[in-house]
Amino acid sequence: MEMISDIRNILKEHGRLASDATTLADDADLYQAGMTSHASVNVMLALEAQFDVEFPDSMLKRGVFSSIATIREALETLTQGR
Amino acid sequence: MYTPAMALPPREFAPLRDEMAESTAIVVGTDLVQVSEVGKAMERFGERYLRRLFTEAELSYCLENVDIAPSRLAARFAAKEAALKVLRLTDQSFSWRSIEVARDPGGWCYLVLHGPMRVLADQAGFVAFSLSMSHEGAYAQAVVVGQRRQTHVDTVKTPAFIS
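In the order they appear, the protein sequences are chains A and B.
Here our numbering is used: position 70 in the first sequence is 901, and no number is missing along the way.
Here our numbering is used: position 2 in the second sequence is 256, and no number is missing along the way.
If you're looking for bench data, these hints aren't it; they were derived computationally from the structure.
A hint or two may mislead.
List of simulated lysine-lysine pairs, DSSO-like, C-alpha gap at most 27 angstroms [stated by the list, open to error]:
1) A:843 / B:339
2) A:843 / A:892
3) B:294 / A:843
4) A:892 / B:294
5) B:339 / B:294
6) B:339 / A:892
Only some residues are given here: those of chain A computed to face chain B with a beta carbon under 7 angstroms [stated by the list, open to error]:
7) 868
8) 869
9) 873
10) 888
11) 891
12) 894
Every residue gets a Cβ at the ideal spot worked out from N, C-alpha and C, and that includes glycine.
Input sequences plus hints: build the corresponding full structure.
So, in structure tokens, the structure goes:
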């Protein structure tokens, strides 16, 4: 739950969403909620700092940043085994 | 005196279906970026932001004038995003640096695709791209036009119906 809460906070600060990131459904489409591709880069860089990870180029695809759930899935992959 | 009728052109000069399949389509993409957002990202994330998105050559040109660096970078980000719209990537991964805005000595800019991005463009049938960028005050924008070969199936469908 803590991871989800951190993701929501980062989306609130960097995602430039038209909707409130704290109440958005986990599977809601972030691009439909107003996130621009430039904002998605800011979100990615903020996530990297928060979780001490680096998204490899192979994970840089639109789908990875399309919802809170897909971001959590990617972060779980990157932090696996810690 | 008997005058022979004008001969029909040899059959090989008649249009062939395969020639029709060589036609091309135009695909356009555009993007608008708020310059202040680029400035903020540079302050917040510094080198990490710059190195993730832009090539050495792009940074070398854009950062030579600190005052207009955010505008130049914003225009280049818009160009990369416009190119992605033209390429219509759905779930393929990509690096922002694999789409580069290059500059010729005359000042005109053009797109250079690198590595897997170039392969994706080739596979999608793109044969040429054209780029135009502009920035004024708070915004920077770019338009990319791609020229793509029509697929064989699409082009033979119509003649097949006619016959």
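Results for each hint:
1. A:843 / B:339: At roughly 26 angstroms apart (the allowed maximum being 27 angstroms), residue 339 of chain B and residue 843 of chain A satisfy the hint.
2. A:843 / A:892: holds (21 angstroms)
3. B:294 / A:843: holds (16 angstroms)
4. A:892 / B:294: holds (23 angstroms)
5. B:339 / B:294: holds (25 angstroms)
6. B:339 / A:892: holds (13 angstroms)
7. 868: holds (5 angstroms)
8. 869: Hint holds; residue 869 of chain A Cβ to chain B Cβ min 6 angstroms, cut 7 angstroms.
9. 873: holds (6 angstroms)
10. 888: holds (4 angstroms)
11. 891: holds (5 angstroms)
12. 894: Constraint on residue 894 of chain A satisfied, holds at 5 angstroms.
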